[in-house]
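Participant: Kindly produce the complete structure, drawing on both the sequences and the hints.
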Amino acid sequence: MSWIDKILPSGVSRSESTKRSSVPEGLWKKCVKCDAVLYRPDLERNDDVCPKCDHHMRIGARRRLDTFLDADGREEIFTDVEPVDRLKFKDKKRYRDRLAAAQKTTGEKDALIAMRGTLKGMPIVAVAFEFEFHGGSMGYAVGEKFTRAAQLALAEGIPLVCFAASGGARMQEALISLMQMAKTSAVIERMKMAAVPYISVMTDPIYGGVSASLALLGDVNVAEPDARAGFAGPNIIEQTIRQKLPKGFQRSEFLLEHGAIDMIVHRTEMRDTLARLLAKLGHLQLAEEAVNEEVVEEEPEPEVSDEVEIPLESPRDE
Amino acid sequence: MNPNYLDFEQPIAELEVKIEELQHVGSDNELNISEEIETLKQKSTKLTEKIYSNLSSWDIVKVARHPLRPYSMDYIPRIFTEFDELHGDRHFGDDNAIVGGIARLNGEPVMVIGQEKGRAVKDKVMRNFGMPKPEGYRKALRLMEMAERFKLPVITLIDTPGAYPGIDSEERGISESIAQNLAVMSRLKTPVICIVIGEGSSGGALGIGVGDHLAMLQYSTYFVISPEGCANIIWKDSANAPDAAEAMGVTSSVLQDLGIVDATIPEPLGGAHRDVDLMSERIKAHLTEQLDVLRQLALEELLDQRYQRLLSYGN
Chain A
1 MSWIDKILPS GVSRSESTKR SSVPEGLWKK CVKCDAVLYR PDLERNDDVC PKCDHHMRIG
61 ARRRLDTFLD ADGREEIFTD VEPVDRLKFK DKKRYRDRLA AAQKTTGEKD ALIAMRGTLK
121 GMPIVAVAFE FEFHGGSMGY AVGEKFTRAA QLALAEGIPL VCFAASGGAR MQEALISLMQ
181 MAKTSAVIER MKMAAVPYIS VMTDPIYGGV SASLALLGDV NVAEPDARAG FAGPNIIEQT
241 IRQKLPKGFQ RSEFLLEHGA IDMIVHRTEM RDTLARLLAK LGHLQLAEEA VNEEVVEEEP
301 EPEVSDEVEI PLESPRDE
Chain B
319 MNPNYLDFEQ PIAELEVKIE ELQHVGSDNE LNISEEIETL KQKSTKLTEK IYSNLSSWDI
379 VKVARHPLRP YSMDYIPRIF TEFDELHGDR HFGDDNAIVG GIARLNGEPV MVIGQEKGRA
439 VKDKVMRNFG MPKPEGYRKA LRLMEMAERF KLPVITLIDT PGAYPGIDSE ERGISESIAQ
499 NLAVMSRLKT PVICIVIGEG SSGGALGIGV GDHLAMLQYS TYFVISPEGC ANIIWKDSAN
559 APDAAEAMGV TSSVLQDLGI VDATIPEPLG GAHRDVDLMS ERIKAHLTEQ LDVLRQLALE
619 ELLDQRYQRL LSYGN
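Chain order of the listed sequences is A and B. For the first sequence, the working numbering assigns the number 1 to the initial residue and increments by one for each residue that follows. For the second sequence, the working numbering assigns the number 319 to the initial residue and increments by one for each residue that follows.
Simulated from the structure, these hints should not be mistaken for lab results. Source: prediction; values computed, not measured. Be aware that one or more of the hints could be misleading.
Claimed, not checked - As a list, the in silico DSS-like pairs of lysine-lysine whose alpha-carbon atoms are at most 30 Å apart:
(1) B:K554 / A:K109
(2) B:K554 / A:K244
(3) A:K33 / A:K247
(4) B:K368 / B:K602
(5) B:K368 / A:K88
(6) B:K442 / B:K380
(7) A:K93 / B:K554
(8) A:K247 / A:K52
(9) A:K109 / A:K92
(10) B:K336 / B:K364
(11) B:K554 / A:K88
(12) A:K33 / A:K104
(13) A:K104 / B:K554
(14) A:K90 / B:K380
(15) A:K92 / B:K554
(16) A:K244 / B:K442
(17) A:K92 / B:K380
(18) A:K33 / B:K554
(19) A:K192 / B:K507
(20) B:K368 / A:K90
(21) B:K442 / B:K602
(22) B:K469 / A:K192
(23) A:K244 / B:K368
(24) A:K88 / B:K380
(25) A:K90 / B:K554
(26) A:K109 / A:K93
(27) A:K247 / B:K554
(28) A:K93 / B:K368
Facilitator: Below, the structure is given as structure tokens:
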């Protein structure tokens, strides 16, 4: 029994299903990894990374993009893309009804959110998977929105950043989902041919069709600490080879060791690191930023460097 | 139960046994029973027609996985001449689950790449049951890029239960190897024709499956996840695999309606394994026809058409 159970007033019982991960809604949240009870505002200030054990908690697509992009001038794009039930798929429930339920609980139309905005002054397009929507699975709507975002980046010559979290291709859209792998890979290849940067950020978890397409095709592949990514799920592999998997299998550290990703980046350093990378790929100078960027928001002063014509932040006084 | 026939084919198997017995009697006793045999043969044909005119999606999954179903190495010598197999990905090893090489189709040089499941037990093990590892996809990529340099059309034969789900596969980047193929095939400067000859399972199939023309044999299947896998996840019971097969639409007729598959190549009565030569002839005729069409396009047109088609998936 944890201490929180002891201090709960008698008569307030916590149901079995919520016992492991949650505390009463409100100001406190329990870390799923180390069980530390955390003060929510502290946690949020730390980008939902446990200050005690550094566990990167799963965060929603919208929060992801809101904390990643500059606060000013970001806007959601391609909101008209909606899922289509071409097969009229039905198991115990109709796919249509499952979609409606997912839309209701998440408030999203499907599992990908796209925004355009700036990262430390650099115009970029960013997309993020909403894992709470059908496990972030990729069907038509996800593939289409990703493709449109990439096409926009391509047309404007500005970088694309993708935060993926996905169980893979969406079964209920069957081969249409599979073909989204080919579609998204094709448009990424066009970006490569045009030298428009694409950074893929792998967040926990990424499997199957998303892993075998857009998530591993970045000019730079980045992963958050301890994220799981692989083609086949651990259960499938264990069933196939009939042995236990080694510790840390398919985790970020494993991916780095085996050459699948370029680096592991802590969530609180994501903005800085990606901005640095993109600035270099784009031959730009990046303004130095205050340590606590959420508090000090600079007035961007448009400047034109020798090489490019996009507005940059002015260097801070030393 | 006759292992050379599927469960729904057992009535045909019984008839065939009778025919064989009579043929034995005929040759031993020199009795004239040819009329009887002829009648039975006609009956067998009619029965096969009847059964095959009404196959469920799940039945077709079984035909596609039939133990006698022709594999890439059955078709290649019948369709092409001078097949010179090329080996290795130049980085790690050679993967026998994917075969590739330069051959001639009607005298013209082409690059052929196919997944191969292997027939006898030893063969199956050597081929890893047709489940490619990263080196297989990377070998295929190497051969495709070579085909681009030497202006050889690429022909791929798809037949796999999926990319290999194993530790070594993951260590060497199975996801990346497939993703890379998807990306490169989308812009390969040579015609690419893909044919699903048996089982097209998920990313493992798509890894050699992006091109200008996608055809399926009549009783082949193509799915994003095996019906058993889908049933396991959604229905929580793999016994619902027939329902999953139906719901996902794994056959060429459904996939052609969705605009994903361009053509269906009809199979001999009772499936490709009943007449491999005839099936090979039909595949060859189809390849010849489609290659003629694609060769008439200017390269730019070809690539634009392929890209637009990729972008249109699901619209």
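Participant: All the hints need checking, so say for each whether the structure fits it.
Facilitator: Cross-check of the supplied hints:
For the proposed pair K554 of chain B and K109 of chain A, the alpha carbon gap of about 26 Å is at most 30 Å, so the pair holds. Among the hinted pairs, K554 of chain B with K244 of chain A is consistent with the structure: their alpha-carbon atoms are about 23 Å apart, no more than 30 Å. For the suggested pair K33 of chain A and K247 of chain A, the alpha carbons sit about 16 Å apart, so the restraint of at most 30 Å is met. Restraint check for K368 of chain B and K602 of chain B: satisfied, since their Cα atoms lie roughly 28 Å apart, inside the 30 Å limit.
Under the criterion of a C-alpha separation no larger than 30 Å, the hint pairing K368 of chain B with K88 of chain A is consistent with the structure, at around 29 Å. As the CA atoms of K442 of chain B and K380 of chain B are separated by approximately 18 Å, the hinted pair is consistent with the 30 Å bound. Between K93 of chain A and K554 of chain B the CA atoms are separated by roughly 13 Å; this keeps the pair inside 30 Å, and the hint holds. Proximity of K247 of chain A to K52 of chain A is assessed by CA-CA distance (about 22 Å); at most 30 Å being required, the pair is judged to hold.
In summary, the hint linking K109 of chain A to K92 of chain A is supported, as the alpha carbons are separated by about 22 Å, within the 30 Å threshold. Of the pairs offered as hints, the one joining K336 of chain B and K364 of chain B holds, with about 16 Å between alpha carbons and a cut-off of 30 Å not exceeded. For the given pair, K554 of chain B sits about 20 Å from K88 of chain A by alpha-carbon distance, which is consistent with the 30 Å threshold. About 29 Å separates the Cα atoms of K33 of chain A and K104 of chain A, which keeps this hinted pair within 30 Å; it holds.
With a C-alpha separation of about 24 Å, the suggested pair K104 of chain A and K554 of chain B falls inside the 30 Å cut-off, and the hint holds. Between K90 of chain A and K380 of chain B the CA atoms are separated by roughly 22 Å; this keeps the pair inside 30 Å, and the hint holds. For a cut-off of 30 Å, the pair hint linking K92 of chain A to K554 of chain B stands: about 11 Å separates their Cα positions. With a C-alpha separation of about 25 Å, the suggested pairing of K244 of chain A with K442 of chain B holds against the 30 Å cut-off.
The hinted pair formed by K92 of chain A and K380 of chain B meets the criterion: a straight-line CA distance of about 24 Å does not exceed 30 Å. The hinted pair formed by K33 of chain A and K554 of chain B meets the criterion: a straight-line CA distance of about 28 Å does not exceed 30 Å. For the hint linking K192 of chain A to K507 of chain B, the alpha-carbon distance of about 16 Å falls within 30 Å, and the restraint holds. Of the pairs offered as hints, the one joining K368 of chain B and K90 of chain A holds, with about 29 Å between alpha carbons and a cut-off of 30 Å not exceeded.
Note on K442 of chain B and K602 of chain B: the hinted pairing holds, with a Cα-Cα distance of about 26 Å set against a maximum of 30 Å. The straight-line distance between the Cα atoms of K469 of chain B and K192 of chain A is roughly 23 Å, inside the 30 Å bound, and the hint therefore holds. For the hint pairing K244 of chain A with K368 of chain B, the CA-to-CA distance comes to about 48 Å; that exceeds 30 Å, so the pair is violated. Using a Cα cut-off of 30 Å, the hinted pair K88 of chain A and K380 of chain B holds, with the two alpha carbons roughly 24 Å apart.
Using a Cα cut-off of 30 Å, the hinted pair K90 of chain A and K554 of chain B holds, with the two alpha carbons roughly 14 Å apart. Restraint check for K109 of chain A and K93 of chain A: the C-alpha separation of about 19 Å stays at or below 30 Å, so the hint holds. In summary, the hint linking K247 of chain A to K554 of chain B is supported, as the alpha carbons are separated by about 27 Å, within the 30 Å threshold. Under the criterion of a C-alpha separation no larger than 30 Å, the hint pairing K93 of chain A with K368 of chain B is inconsistent with the structure, at around 33 Å.
Hint check: violations occur at hints 23, 28; the rest are consistent with the structure.
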